[in-house]
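S.K.: Starting from the given sequences, assemble the full structure and let the hints guide the process.
Residue strings, one per chain:
Protein chains: 2
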Amino acid sequence: MTKGEVIPKWFEGNMPEGSYRSIFKWGDPDAYKHPNQRLYRHMLNVFEMEDEDFSEAVGFGFEEVRQEVPVRLTSKQVDFFVELLGEENVFSDTYTRVKRSYGKGMIDALRLRHEIVENVADLVLAPRNREDVEAIVAFCDEEQIPVYVFGGGSSVTRGTEAVKGGVTLDMGVHMKRVLDFNEKDQTITVEAGMMGPELEALLNEAPSTLQAKRRYTCGHFPQSFEFSSVGGWVVTRGAGQNSTYYGKIEDLVLAQEYVTPIGTLQTGAYARQATGPDYNQIMIGSEGAFGVLTSVTLKLHRYLPEAKRYFATMFASWEDGLAAVREIMQGEFGVPSVFRLSDAEETDVGMKLYGIEGTPADTILKALGFEPMKKCLMLGMVDGDKAYTKTVMRRVKKVLRKYKTFDLTPFKATQRWEHGRFLDPYMREDLNDYGLLIDTLECSVRWDQLEEVHEQVRAFVKNRPKTVCMTHLSHLYPQGANLYFIFIAKMNEIEEYLDLQYGILEHIKESGAAMSHHHGVGKQTSPWLEEMAGSAYMGILRTLKDHFDPHNIMNPGGTLGLDMNEAQANKVWSKDL
Amino acid sequence: MTKGEVIPKWFEGNMPEGSYRSIFKWGDPDAYKHPNQRLYRHMLNVFEMEDEDFSEAVGFGFEEVRQEVPVRLTSKQVDFFVELLGEENVFSDTYTRVKRSYGKGMIDALRLRHEIVENVADLVLAPRNREDVEAIVAFCDEEQIPVYVFGGGSSVTRGTEAVKGGVTLDMGVHMKRVLDFNEKDQTITVEAGMMGPELEALLNEAPSTLQAKRRYTCGHFPQSFEFSSVGGWVVTRGAGQNSTYYGKIEDLVLAQEYVTPIGTLQTGAYARQATGPDYNQIMIGSEGAFGVLTSVTLKLHRYLPEAKRYFATMFASWEDGLAAVREIMQGEFGVPSVFRLSDAEETDVGMKLYGIEGTPADTILKALGFEPMKKCLMLGMVDGDKAYTKTVMRRVKKVLRKYKTFDLTPFKATQRWEHGRFLDPYMREDLNDYGLLIDTLECSVRWDQLEEVHEQVRAFVKNRPKTVCMTHLSHLYPQGANLYFIFIAKMNEIEEYLDLQYGILEHIKESGAAMSHHHGVGKQTSPWLEEMAGSAYMGILRTLKDHFDPHNIMNPGGTLGLDMNEAQANKVWSKDL
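Residue numbers (the working numbering), protein chains in the order written: chain A, 1 to 577; chain B, 1 to 577.
These aren't lab readings, by the way, just hints derived from the structure by calculation.
Among the hints, erroneous ones may be present.
No copy is singled out in the list; a pair is fine if it fits within one copy or between any two copies.
As the list claims (entries may be wrong) - In silico DSBU-like links for lysine-lysine, alpha-carbon gap of 30 Å or less:
no. : residue 1 : residue 2
1   : Lys184    : Lys397
2   : Lys402    : Lys184
3   : Lys386    : Lys397
4   : Lys184    : Lys374
5   : Lys490    : Lys3
6   : Lys386    : Lys402
7   : Lys352    : Lys397
8   : Lys352    : Lys490
9   : Lys366    : Lys466
10  : Lys213    : Lys404
11  : Lys184    : Lys509
Since we're looking at a predicted model, the values are computed, not measured.
M.R.: Quick look at the structure:
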């Protein structure tokens, strides 16, 4: 057999119950998306690996979580929670506590693959309603017990990690109800534990589920959609893949309710107001450091799938692609909802991943002189009313006519991307199983600084031999865009991984970009926050923190750079594990 | 002569220099817009007045400001400012100090007409740059001298009033420069004292003024446009009349610089980020209570006047109008830029004001059964690229076909409104001269509460005999709108006026609306802020205030409800003047 024709034995099947893998595996326990053979061969090439290297996994993480992490609360404290919530809503077994303290970052998977269990809540609690949360927070404030919150569990910033022990509130058990639906206002109020897919299904079928006249959408589809909660969207300032039209979550929130150590608050519920600093925008992005988000009122959009349109184009160069997407965003004719531009390296990988390589389109592209490691793929989807989507499509095409492009719309490149858009993260486990780490970092840039940020980060990553660095723009604005980096490298050690990740963060910061456009800060990127945002901003954060949470019980342990320990502050946290 | 055929001797000409009128008169000293005869006759009717009542003015405010308000600073303090800024940038004469401490609210005009001079800064300072502001704020913090800021001077909330004396920084003397223009990012950075018309002219003519490739607009046109500064827009959370497309000022700001007692800060300059609470949105709307806004980076739009479209329609009823504009705002096909719906009373007055009454359109309207005190006028303007404006126009028309309407587009009703849109406030002085007070109050509502707020406020105002109460929606959103009240009454006493104004504020608050959509809070509406926004919000405000301004030198005296005296807190402030 020639090299690369073997199909590696990607794992599929039942993970051992109670195993580390059952915690770190992304998404649906029974779902998989394996690298296709083109992508597999690409990796063999890049990493100078042989089929043999994929004959035996470095590890699957099948080992059972055997650690017993003692509960460090007093029995009086435990009794309080049991009495308040009932036995059935208090979990003290280590497995549940690990599962509800770890997120889905590479650092989480890596630690679990190394059988490292740390920073685990003492108890997992499942509050039934706001009153439960109020009682828990009041008690914890009195007893100085740390309070963490777990929503969908897809944090990639160690956002949910119970660094100081204490309790983790699992919002998804009970607190996932619809509290109000107002069709006149086009709003829905849900508890924070409501999961994305459930909410979206409710809204799409609103005539039957909510006795509505019309169908609605939230328009918010983060890559983690399947395993993301409304509360998580809000406290991290998340973005959906369609945000170029619908906006980020901060644009979609009308009102919020928080339970904080100093009391419960309800923000104003108005589209806009001029009554001082923006209440909602002070609370959004607070990452559990001010209080527990209990409910959210979201602005809705009409659900009009019949009007949805797609486009896809290949540019001859990154420069052309950047100029064109900027021109579209500044064109005053409406905007696409999904709008992405991949750099040359990501384009080449994407051609493999989305099955364009080897098709007639690929042949034509080559013939027309669209060169590998130069050409750049743009994908777009247009949402809205039919007349609107038609107008945007026509004007996008008009802009594109100024550039050398090859139209991939007929080849359904965007539909192919859409089809697998929530599945790509599932490939991570396959890569990890064979010693390849994959991670993503993203930042927010203005157009004028974009190219430099891209160059600096790439230069740093590519300086490391045999390392993939793919970049795309997504979430576009008239003034700039989100720049999203994906890197893949053959490595297995935590320190090596963190050296690369931290190095990228340094270069993002030095190049002047905002550290995060939608991943939040958490405890992982927090050491860079002050350097990026300035000490004046940190002063505001600390002031608000002291106000809401004078005893530092809310998500303590470095969240938002607030109470970092020495290792965090020195950027060596977890390197020594 | 029959009643109403006399043309009142509305004042035109040179106001005596140094007079009260030269301070309270709205806008350009040499510009006027007098009520036309239809409006005049309407007032005769409503207020049961005779032509004779307009033969002699109650007063013109021609008296010279003769008060001598002593400067209560020490000579050492005065010397500091003179040494720092030079004699030419320090003003100690009472006239200048009154002129730079009063705003353009009815309460300001009324006090000056009553020759009441109070709450005047001790010195007016004209800082030349950020360094000057830093030196002033540092010195004032040390010496505990209050610091007020004067921009365009069009506050209607007593925002600039120097309640505690001290110094007022006049930003418009020097600090009105362009600091940066970035065409790639479509941004401009200006000092806070830059005035609206100057900025807009610069942008519209960007190819010659800024060596740009294209023409731009800020898209921000408050009614006070001619006498409003960029800094004022930002610190009050203002809105332009075209905000339904361009957004409010908080949507147009990319970055800001503030000089606060604890230091100078520069917010992040990214379209969006996920790095904690929103830095920009914490500072916008701070109304000078946290620090002095020194410069602003604004997001720009392309200036495409050739694509602008207008529409105007008469609805048979308020209910129809509301349903239609909501349907348009929720239609997902783009939005108008100016979008207004007048209630029945405002429609009838507007027909007179904008010269529609008595035209063929009016005759046809009557014949078709569009009844007075029932029919409602909608005005719209669509901005953007040609394809976009065409799409929006077509879809607006499609929505309107569902309702009984009469198309006023051919009669250029919106153009008539646009032509005079910055001039309407000039009529205030004419009315005041003859003992009629006119004032405006506005609030932010969700669709679902709109009708109740409208009914409650109207019921209260109309309970007073012979009082005009006109209402319109402007600044529309998918989730609600700005509801704007204009009242006119024959009265001359401050207490009587404040009773009416405060009563309206009570009813706005009780009906659940947000106290202000774009006028800000200032010192006038601040007693209602806590009741509306809640004590948790006030706790955040106080915390931020203490953080930035520990010695309470920044705009003290009740701004944002922060340090109200007893009279303010008890809502009797100024009633006893």
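S.K.: Honestly, which of those hints from before does the structure not fit?
M.R.: Those not satisfied: there are none.
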